[in-house]
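Novice: Here is what each chain is made of, one letter per residue.
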Amino acid sequence: MRDFFIKLSQMDRRWVFLGVLVLTVFPFFVPMNLPIVTTRYTQLVYDEIDSIKPASDPDSKPILLSMDYDPGTLAELGPMAKAILRHIFARKGKVIVISFMPTGSALAEETLRSVAREFEDQGIKEGENFAFLGFTTPAAAVIQSIGRDIRDNYPTDTRKVPLDDMPMFRNVHNYQDIHIVLDLAGNNYPVTWISNAVERHKARFAMGVTNVMAADFTPYIPQQSHGMIGGLRGAAEYEAMIVAQGYYPKVGDAVRGMDSQSIIHVFIIGLIFLGNLGYFLGRKTGGGR
Amino acid sequence: MKRSLPLAIALVMGLLMIGTYYFPWMDGFYRLVLLWSPVIAGFAFFLGILSFLMHHIFKVRRKVPGWGYNLTAILSFAVMLLVGLLPEIYPRLFGFLGDQQADPDASVFKWLFGNVLVPMEATMFALLAFYIASASFRAFRARNLEATLLLAAAILIMIGRVPLGEWIFPPFTDIQQWIMEFPNTAAKRAIMIGVGLGMAATALKLMLGIERAWIGRGD
Amino acid sequence: MKSPLNMGIGVGVVILMVASFFYKVSFGGEFIPSFGLWVAAWMTLIILSFLYKDNPFYKAAEHIMVGLAMAYFAIYYIFQVLEPRFYNRLVLNELQPGEQLFGSPEVFRWALIIPAILGCLMLTRIFPKVAWMSRWSIAATIGLGSGLAIPVTIQANITTQIRAASQLPLDYMTALHGNAEVMPGFTNVHLWQIGVPLLMIGTICGLMYFFFSVPHRGVFGYAATFGIWILMIGFGASFGYTVMARLSLFIGRVLFLLKDWLDWLPT
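As you go down the protein sequences, you meet chains A, B and C in turn. For the first sequence, the tail end lands on 289 under this note's numbering, and the numbers increase by one without skipping. For the second sequence, the tail end lands on 219 under this note's numbering, and the numbers increase by one without skipping. For the third sequence, the tail end lands on 267 under this note's numbering, and the numbers increase by one without skipping.
These are computed hints drawn from the structure, not numbers from a lab. Mixed in with the good hints, there may be bad ones.
What the hints assert, rightly or not - DSBU-like mimics (lysine-lysine), calculated; alpha carbons at most 30 Å apart, straight line: (1) C/K53 x B/K2; (2) A/K61 x A/K125; (3) C/K259 x B/K205; (4) C/K259 x C/K53; (5) A/K250 x C/K53; (6) A/K7 x C/K53; (7) C/K129 x B/K59; (8) C/K259 x B/K59; (9) A/K92 x A/K202; (10) C/K53 x B/K205; (11) C/K259 x B/K63; (12) A/K125 x C/K259; (13) A/K160 x A/K7; (14) C/K129 x B/K2.
As the list claims (entries may be wrong) - Cβ pair distances, simulated, as ranges: (15) B/L53 x A/P31: 31 to 41 Å; (16) C/M173 x A/F26: 43 to 53 Å; (17) B/W25 x A/A244: 29 to 39 Å; (18) A/D57 x B/R92: 21 to 31 Å.
Said to hold, decoys possible - Which stretches of chain C does chain B cover? Using the computed rule of at least three CB atoms under 8 Å from a CB of chain B, they are: (19) 112-118; (20) 251-265.
The beta carbon of each residue, even a glycine, is placed where N, CA and C say it ideally should be.
In isolation and in its complexed conformation, chain A is listed as follows (with noise of 0.2 Å):
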């Protein structure tokens, strides 16, 4: 017994990356269809989201969305980024996109307009629903300029249309006329748009991280954040939940994804009770490492 333990731990790590590839690839052709639970976070940000008014209202206020991510981080910080775009859209809401990562800009561009090329028969328009703006950089100080004029730091967009020519920008200013600012990003820019935009203009803010920073990220709710969209799995709510309220009628990638997210961590747990257990029949034992 101990034997088989000591052989198994000092097996090739290739063994286990095959595992990891099949149990990847096959539940995607075996779909299990599992309920996805929302949970307080993604909830929060989809009802700040949920409340925006439609863009012909007099009183509706744009989005201010921030797609900081880069092609590392794409696999969870995209589908995020279309679901919550879609559900802005369906709600025939406006939306202004920024982007502080070089790489990032690129990829929000293509998001942005592919999820509007979606909705363009329901009369989403350029300049009168969304908007992009394209990359800036250093971050702390456009953030900042926002607070006194987006105008300042974002005289055009990335047509060079100057804002006031556009519809949506008409009595847009400063963070008291965005609905909600939303970061997505894959590094430390909601930190930079607390300390910048929530503390120092009372902006109204809400973050969707990455898996890895989301655990660092909750002392910051509910009081500078209004809730927080956690990687794969939090897209993968906000999917289910933009298709049963009926905004959307199918659900993306990161609900696809979850079956084998499933998988792969009971996966992962065995391999951790394996290890641990070989550790600990080599150590009664007396032998072992």
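Add chains B and C to chain A, keeping to what the hints say.
Specialist: Positioned in the frame of chain A, the structure of chains B and C alone reads:
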């Protein structure tokens, strides 16, 4: 002169920046300095590119084993730089490469970004999935009470945050959310305050010249 | 691995890249998306091949990635940072409203030369004789960074966190005595009732653990021990979440291969 002037510069700049946070009338200076930092960073980045090129050119010239890879790096850098620069500088001559600002879908620069750089970078990070799986088998041992608490929290989170966990035992979701909101927030808040104090102290030390390793040796 | 072989593969991949986009440019239209998809898929598979064994394809891809990323950032820096922020302001005099120093936009404009000088000084690092001049620009950067960091970290990390922590007991008492639903979304109220005191005590004990200047004995010792337990649970949560995140990234790549590239999954 060579040592004390830099220390004085650091102190004055630091004090001015702290001032901008508390005095609104220093706003003009704040806006100026925030335009400075990307420019200085730009030069630092240029320095990085120079050393990148020098490193690879050196290897190619010496024909060290594997120099073909270094040549690959230089070539891909050159190709990407040219398809990015040329259409912007000589739009008439190189317009066929596409304007990445005006029409992202038809620009070679964006095409290379989207179809070569993005998948490679994304996959690089995806490799970590395999290593973390292997590490969880080899490294995470419940050696003592502290390690056991860590492992237990990790396992409860991992099972509570996937639909399968909810399906097996519904309270798992509440448990993971509870760990996240209470013990985790307590820990992270304590760390945040501790780190905050440490960071402020380090920044103060740098400004006041108590910590001066960055100056280096020599005069 | 023999060097000429490596070189051959590396150069071959670059030639393929160059050929591919000239192909793209000259043909245009419908063919492009699927061709790009194939390139992207191959790049994904090449990187994944590293899991089995390091190989020349992976090495070449790695170097291509570094080269492309460097150039990408350089282009972005030139056109999105230096041009609008520096060139347009200093040379074309396109200052934004409110950008003035000592009441004068001109002073503000010409002060933009300073970072250019500091930047040039940074380049003296290449020449050992005058390398000490680069200290000035490093000093300016360190001063700026420290000066920016102090008030911001004090506010974001310390004051607001202490404020949030000290508000908790009040909220808790109101919720216990009133009938307000303070934490919607928790199906189990008892979890919340145990949680809030734990959050308060845990934060204090966690902080106590960080006070190394006081010996961890007596009551302080017990508190510090409890503090380390709480910290461990926090690290465990981070670890669990990190595992999840890493797997999500791989799931993203698998989805790309199966859905976007092979089109094997129903949409």
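Novice: Tell me the numbers of any earlier hints that the structure contravenes, in ascending order.
Specialist: 1, 3, 5, 8, 10, 11, 13, 15, 17 and 18
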